[in-house]
Amino acid sequence: MTPDEQDTLKRARRGRNIALALVLGGFVILIYAIAWVRIAG
Amino acid sequence: MTATVETPVTVLPSEWRDYFALTKPRVMSLVVFTGLCGLLAAPGHINPVLGFTAVLCIALGAGGAGALNQWWEADLDARMKRTAKRPLPGGRLERTNARDFGIALSVASVLLMGLAANWLSAVILAVSILYYAVIYTIWLKPRTPQNIVIGGGAGAFPPLIGWVAVTGDVTLMPVLLFAIIFMWTPPHFWALALFVQSDYAKAGIPMLPVVAGQAATRRQILAYAVILFAVSLAPWWTGGTGAIYGVAAVILSGVFVALCLPVALRRSAEGDKMKPEKRLFGYSVLYLFALFAALVADRLILGQGLAP
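Residue numbers (our numbering), protein chains in the order written: chain Z, 409 to 449; chain H, 2 to 309.
Think of the hints as simulated: they come from the structure by calculation, not from any bench.
The beta-carbon is built from N, C-alpha and C at its ideal position, and this holds for glycine as well.
Certain hints may be false.
What the hints assert, rightly or not - Here are a few chain H residues that face chain Z, going by a calculated C-beta distance under 8 Å: (1) His-46; (2) Asn-48; (3) Val-50; (4) Leu-51; (5) Thr-54; (6) Leu-116; (7) Phe-290; (8) Ala-291.
Unchecked claim - Here's a subset of chain Z near chain H, in silico, CB distances under 7 Å, partners left out: (9) Ala-420; (10) Gly-423; (11) Arg-424; (12) Ala-427; (13) Ile-442; (14) Val-445; (15) Ala-448.
Unchecked claim - Ranges between beta-carbon positions, derived for each pair: (16) Lys-418(Z) x Arg-27(H): 27 to 37 Å; (17) Trp-444(Z) x Arg-27(H): 30 to 40 Å; (18) Ile-426(Z) x Ala-105(H): 17 to 27 Å; (19) Val-445(Z) x Thr-97(H): 30 to 40 Å; (20) Gly-434(Z) x Val-251(H): 50 to 60 Å; (21) Val-431(Z) x Gly-214(H): 39 to 49 Å; (22) Ser-199(H) x Ala-427(Z): 33 to 43 Å; (23) Lys-203(H) x Tyr-440(Z): 19 to 29 Å; (24) Trp-17(H) x Gly-449(Z): 29 to 39 Å; (25) Phe-435(Z) x Arg-18(H): 12 to 22 Å; (26) Val-108(H) x Trp-444(Z): 19 to 29 Å; (27) Arg-419(Z) x Glu-95(H): 16 to 26 Å; (28) Ala-294(H) x Ile-447(Z): 28 to 38 Å; (29) His-46(H) x Ile-447(Z): 15 to 25 Å.
Work out the full structure, taking the sequences as your base and the hints as a guide.
Encoded structure:
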């Protein structure tokens, strides 16, 4: 693999990891909010 | 899969954008909008957090079904100009990853819908995903020129799901909203199929213009538009909406029929720019947005939508 290809691979992986972290964070907040509304309601 | 052409062996590193593209975001915008309108037009109240979650689940379910559709049709997509650059035929994503992503989104959306709203809306969401991914994509689309008619049911579920998320039961009004999109789908897609029919023919998909010819397709576009005119007025006639929706439906559906007339009466030759067909396709998207916006405006301003 050339240095350019390695760089592209790294960038793609980093972007996927950040997107996954944001999705998981959002999911945790959403579940917390649903639980809060359900319990309070 | 459905065809013999293989997707490229070398898979480029996939980015989050490729996974996002799998969910067919442009189609999803209409799904989310009609689902939200169903939720807002329904009688009753839903907590904003739960309402947001219900719409999110409709979007996730549509995205999951879209991903499964692209997984199954990767070889067909590679043969059509319109779809050849999608992540799978473009070689930017592995097929199994697309399948797993689609299944994960679908399952998560159904479970979350059940927990946040109610299990009836979750069951209808599951049925809509299976309808699109299995009945339409795998079974009907490659087999019958009426694929769009029956498959249109898949896109008709969102307002029904949004409505049931609020009320918890299926009544006449959400069924009428389902029927509106069901009748809207054939003229919408056949208008598109008329000007991209060579693409469908190349991929071996039996779309109506390819199998039955232009004349039959044009006649059926007009027939469905006339039925849509009557169905779109039904929520008003049955007392489910007020005058705002009724007037909007008469005008919007009247224009829809008027735009179908030149499409139905003309024949196109080689090299035709297909302007009336393109105009009808563009208007059909605007039509659905405007009709459902009128439904919500009617409910919010006149407080209608109380009839079952």
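Evaluated hints:
A hinted interface residue such as His-46(H) counts as satisfied when its beta carbon comes closer than 8 Å to some beta carbon of chain Z; here the least separation is about 11 Å, so the hint is violated. At its closest, the beta carbon of Asn-48(H) sits 5 Å from a beta carbon of chain Z; the interface hint therefore holds under the 8 Å criterion. Taking 8 Å as the C-beta contact cut-off toward chain Z, the hint placing Val-50(H) at the interface holds, the least distance being around 5 Å. Taking 8 Å as the C-beta cut-off, the interface hint given for Leu-51(H) holds, the closest approach to chain Z being about 6 Å.
For the restraint placing Thr-54(H) at the interface with chain Z, the shortest Cβ-Cβ distance is roughly 6 Å, inside the 8 Å limit, so the hint holds. Contact between Leu-116(H) and chain Z, as hinted, is supported at the beta carbon level, the nearest pair being about 6 Å apart and thus within 8 Å. The beta carbon of Phe-290(H) is not positioned within 8 Å of any beta carbon in chain Z (closest approach about 27 Å), and the interface hint is therefore violated. With its C-beta approaching chain Z no nearer than about 31 Å, Ala-291(H) sits outside the 8 Å limit, and its interface hint is violated.
Checking Ala-420(Z) against chain H: minimum C-beta separation of about 4 Å stays under 7 Å; hint holds. The interface hint given for Gly-423(Z) is met, as the beta carbon of that residue sits about 5 Å from the closest beta carbon of chain H, less than 7 Å. Interface restraint check: Arg-424(Z) against chain H, minimum CB-CB distance 5 Å, threshold 7 Å, status holds. The interface hint given for Ala-427(Z) is met, as the beta carbon of that residue sits about 4 Å from the closest beta carbon of chain H, less than 7 Å.
Taking 7 Å as the C-beta cut-off, the interface hint given for Ile-442(Z) holds, the closest approach to chain H being about 5 Å. With 7 Å as the threshold, the beta carbon of Val-445(Z) comes within range of chain H, its nearest partner Cβ sitting at about 5 Å, so the hint holds. For Ala-448(Z), the suggested interface contact is broken, since its CB lies about 9 Å from the closest CB of chain H, more than 7 Å. Evaluation of the 27 to 37 Å hint for Lys-418(Z) and Arg-27(H) yields a pass: the beta carbon distance comes to about 30 Å.
Roughly 34 Å separates the CB atoms of Trp-444(Z) and Arg-27(H), a value that falls within the hinted 30 to 40 Å. Between Ile-426(Z) and Ala-105(H) the C-beta distance comes to about 19 Å, which sits within the given range of 17 to 27 Å. Checking the proposed 30 to 40 Å range against Val-445(Z) and Thr-97(H) shows it holds: the Cβ atoms sit about 37 Å from each other. In this structure the supplied range 50 to 60 Å is violated for Gly-434(Z) paired with Val-251(H), their Cβ-Cβ distance being about 42 Å.
Distance hint check for Val-431(Z) and Gly-214(H): the Cβ-Cβ separation is about 47 Å, which falls inside the suggested range of 39 to 49 Å. For the pair Ser-199(H) and Ala-427(Z), the supplied restraint of 33 to 43 Å holds, since their beta-carbon distance comes to about 37 Å. Separated by about 50 Å at the C-beta atoms, Lys-203(H) and Tyr-440(Z) break the suggested range of 19 to 29 Å. About 35 Å separates the C-beta atoms of Trp-17(H) and Gly-449(Z), a value consistent with the hinted range of 29 to 39 Å.
For the pair Phe-435(Z) and Arg-18(H), the supplied restraint of 12 to 22 Å holds, since their beta-carbon distance comes to about 20 Å. With their beta carbons about 24 Å apart, Val-108(H) and Trp-444(Z) fall inside the hinted range of 19 to 29 Å. A C-beta distance of roughly 18 Å is found between Arg-419(Z) and Glu-95(H), which places it inside the suggested range of 16 to 26 Å. Hint check: Ala-294(H) to Ile-447(Z), Cβ distance near 35 Å, so the stated range 28 to 38 Å holds.
Taking the beta carbon of each, His-46(H) and Ile-447(Z) are about 18 Å apart, inside 15 to 25 Å as hinted.
The structure shown violates the earlier hints numbered 1, 7, 8, 15, 20 and 23.
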